[in-house]
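Protein chains in written order, with the numbering used here: chain G, 1 to 249; chain F, 250 to 498; chain R, 499 to 747; chain L, 748 to 996.
If you're looking for bench data, these hints aren't it; they were derived computationally from the structure.
Hints may contain errors.
[Stated by the list, open to error] Examples of chain R residues toward chain L, derived with CB under 10 Å: (1) Ala-620; (2) Leu-708; (3) Asp-746.
From a predicted model like this one, the values you see are computed outputs, not experimental measurements.
Ideal Cβ positions, reconstructed from N, Cα and C, are used throughout, including at glycine.
Number of protein chains: 4
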Amino acid sequence: MNDIKVGVLGAKGRVGQSIVEGVNTADGLTLVAEVDKGDSLQLLVDAGAQVIVDFTAPQVVMDNLEFCINNGISCVVGTTGFTEERLNTVRGWLANNPEVGVLIAPNFAISAVLTMQFAKQAARFFDSAEVIEMHHPNKLDAPSGTAIHTAQGIADARREAGMGPQPDATEQSLDGARGTLIDGIPVHAVRMQGTVAHEVVIFGAQGQSLSIRQDSYDRTSFVPGVLVGVREVQNRPGLTIGLENYLDI
Amino acid sequence: MNDIKVGVLGAKGRVGQSIVEGVNTADGLTLVAEVDKGDSLQLLVDAGAQVIVDFTAPQVVMDNLEFCINNGISCVVGTTGFTEERLNTVRGWLANNPEVGVLIAPNFAISAVLTMQFAKQAARFFDSAEVIEMHHPNKLDAPSGTAIHTAQGIADARREAGMGPQPDATEQSLDGARGTLIDGIPVHAVRMQGTVAHEVVIFGAQGQSLSIRQDSYDRTSFVPGVLVGVREVQNRPGLTIGLENYLDI
Amino acid sequence: MNDIKVGVLGAKGRVGQSIVEGVNTADGLTLVAEVDKGDSLQLLVDAGAQVIVDFTAPQVVMDNLEFCINNGISCVVGTTGFTEERLNTVRGWLANNPEVGVLIAPNFAISAVLTMQFAKQAARFFDSAEVIEMHHPNKLDAPSGTAIHTAQGIADARREAGMGPQPDATEQSLDGARGTLIDGIPVHAVRMQGTVAHEVVIFGAQGQSLSIRQDSYDRTSFVPGVLVGVREVQNRPGLTIGLENYLDI
Amino acid sequence: MNDIKVGVLGAKGRVGQSIVEGVNTADGLTLVAEVDKGDSLQLLVDAGAQVIVDFTAPQVVMDNLEFCINNGISCVVGTTGFTEERLNTVRGWLANNPEVGVLIAPNFAISAVLTMQFAKQAARFFDSAEVIEMHHPNKLDAPSGTAIHTAQGIADARREAGMGPQPDATEQSLDGARGTLIDGIPVHAVRMQGTVAHEVVIFGAQGQSLSIRQDSYDRTSFVPGVLVGVREVQNRPGLTIGLENYLDI
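Next up, chain G with everything else stripped away, as it sits in the complex (with noise of 0.2 Å):
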């Protein structure tokens, strides 16, 4: 089987080196060009590549989309900034160009995707399911937003399998220790020194809890991702928002 040829814009950057040094490392994948500011998009072209990586910046990303679809270069896109107005334009190249694929994802850590469906799938078997997550102290917002969107999908899998509420005799409860309530589900934050980005999400039935926990090590954590979407893409044409979409669970 042939190689996938790879190219990826924003090359030099440290996300993008991340992403070279994981495309040159990894099995049946050929990086084929590195496009940085002031590269012209035809070196893509030129080198034959079949899918590029795309995490660069909200105010090139569009020209880097167009160019590439109407070149049949499918695109594996991690850079933020995507209204339903940009997604509708992306929709537009792709109908004039059905054989491509393009994936927008706002998160290619795997194993916090695979925690967020595994979540929704294990939540209609369990009376109870809070979420706890912990990160470096840096961070400005608590709860993470992948702890409520996990707390959502929970939420929601509750309610599509007729559920009420959690069972919790609470009486006395001191201000928050029971966490924030996301559509029902709590959600505990907590902030240590040393630790990096951190989830679990613990599910309870009667004599029993099952627990999924990810955890992040480091900031290029992103990578395993990267490349289960470089080799899916080109077999989804059209627009696939979510990495969820291409793990077939």
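Since the structure of chain G is provided, determine the placement of chains F, R and L on it from the hints.
Coordinates of chains F, R and L only, in the frame set by chain G:
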């Protein structure tokens, strides 16, 4: 919606009592018959049971199933000792009663079943996978059957995904330090006074890990899984082996 | 070495039965008297009891202690309701019987007591400290008394070491997400079907964390701590409050 | 109170840079000298250094120590290669400079050192004890030196308390499933892509367990322990081996 009418076989035994209590406190289920040694199975028909639960003994379970299937009663079975021959006999009875469902499962602890399923699903996204189980020190075998089964599921998923051996540079190892290899997956067994039954599957990829952990705190942890079976079995005609097939994940 | 002769008060109650069983299976202890409602305390003297265990009731414990102390029998006491006035009365009896030891403790779960002690010892070495407790959903108060006590011990140790507030850059927080502050230490309470009583203390410093976790799996987890008390109480004349004082750590 | 004046040897190396940064951001310490290959040690004296940190190399550390001790400068040393002969040489220098303190330690990760100390203290209260360590898959030895050392500490504490072998009814075991025995304590080694260095000690007694867990998230986790050494070494004249002796627990 009408309640499902449930009969419990072996209702006076320790396990049967837990099931009786579980049915009695569950929404949507009504206990209509408790049958124990010496009681006539006709009690089930007279009470209008739609589903029975059988955690009895290998010597009596086949008679129980023949009677129930022939009377149009679906069956949730945790009794052991089902050989391929016995399963074929059950399939024969079901062929004559195609609307009846029978679920036979070796493990109704839903947190353990979900751990195995999620482990299979996650396996192909991670370079490394190991299983650690922990049980009370009176257990005779190590590792547990569940841990072996979990490891085999991971190994199968890795094989299907075309993955090679796990990264492991160990050169100097004390005997046993790296666990036992089940189909290439290291499994570690801890025996610990005071604990019950616990299993954690750890997956690792660049910069991150995912842990799926199951804790059983007491011997009634099979009840929620039995209730899932009772609610579903009438919708799944024919023979199903393994609770995981009812979970739609 | 001769066995210690032990008497159990309230021996027929649920807690008393667990203590009787614990003494009977322990090395170096011999159960010589089981006393329950209606029995004469003279039984203890006749049987030669050297140490008694009292998990009875506030209404009877003072009479029990007066009798035992005056008869030279040391006492391990888990009964509640000891006011400062009651403690002074006990001290008065002990003044007349200076060789007798009495241990009164609110918590005999040795894993919980050790968690509190280790947390106090570790606190001054870490920038961050938080406490998470998890209990069954029938618990009325949140957080648990043990978690509050643990947090206070950490706060005291930080204060003694001249440490300032914990690092926490949180600017946007949903109400309750960061737990409740006990003397500056965040405490989070999880209520989870199927669990029993669990507590984890997490400490963080540059590049590392230390977690001390206590799990109670059933309601007999006080027994090992009671046995520590029984073995030690004769060597510690006078009144001791709190099992931690017997642990020599 | 005046700041302690600190000099760093090997200040330009990767480890040295982390120490320089740690000293610079710590309260109560002032960095007065950075010495690297080719620099004169006289710089330390000229700058008025009271304490030096040496994470250099076996070839140069003895010269460094001789100079510092003879100049009344206390030393915190993480350099390896100290034989008994070398230690005696250091003791000789210290005999002539009795006010100087020297700390030589193989492990400055304070969470790991505390884990070992707490494990020793807890050991005699629990029937069961096992150690699980987890490291990145490039590690050459299994189990880690720290895990072996931890297990030996537990074994010593059990022996001193007159405890027998751990309860373990295992009759059928796959080879390696129960780990390797270090002086009777089972130790399990996990090798996991993405992780760094982690260790958990689990203790079990009737109805409960106690877990002490240490996580190192990056290679600077030795810094907090070095700072403890720097703050204390002037108060501890003579040679001390092992950071645990500075922790007063």
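We went through each hint and held it up to the structure:
Hint status for Ala-620/R relative to chain L: holds, with the closest Cβ pair at about 6 Å, below 10 Å. The interface hint given for Leu-708/R holds, since its Cβ lies 4 Å from the closest Cβ of chain L, which is under the 10 Å cut-off. With a least beta-carbon distance of about 8 Å to chain L, the hint placing Asp-746/R at the interface is held under the 10 Å criterion.
In summary, this structure violates none of the numbered hints.
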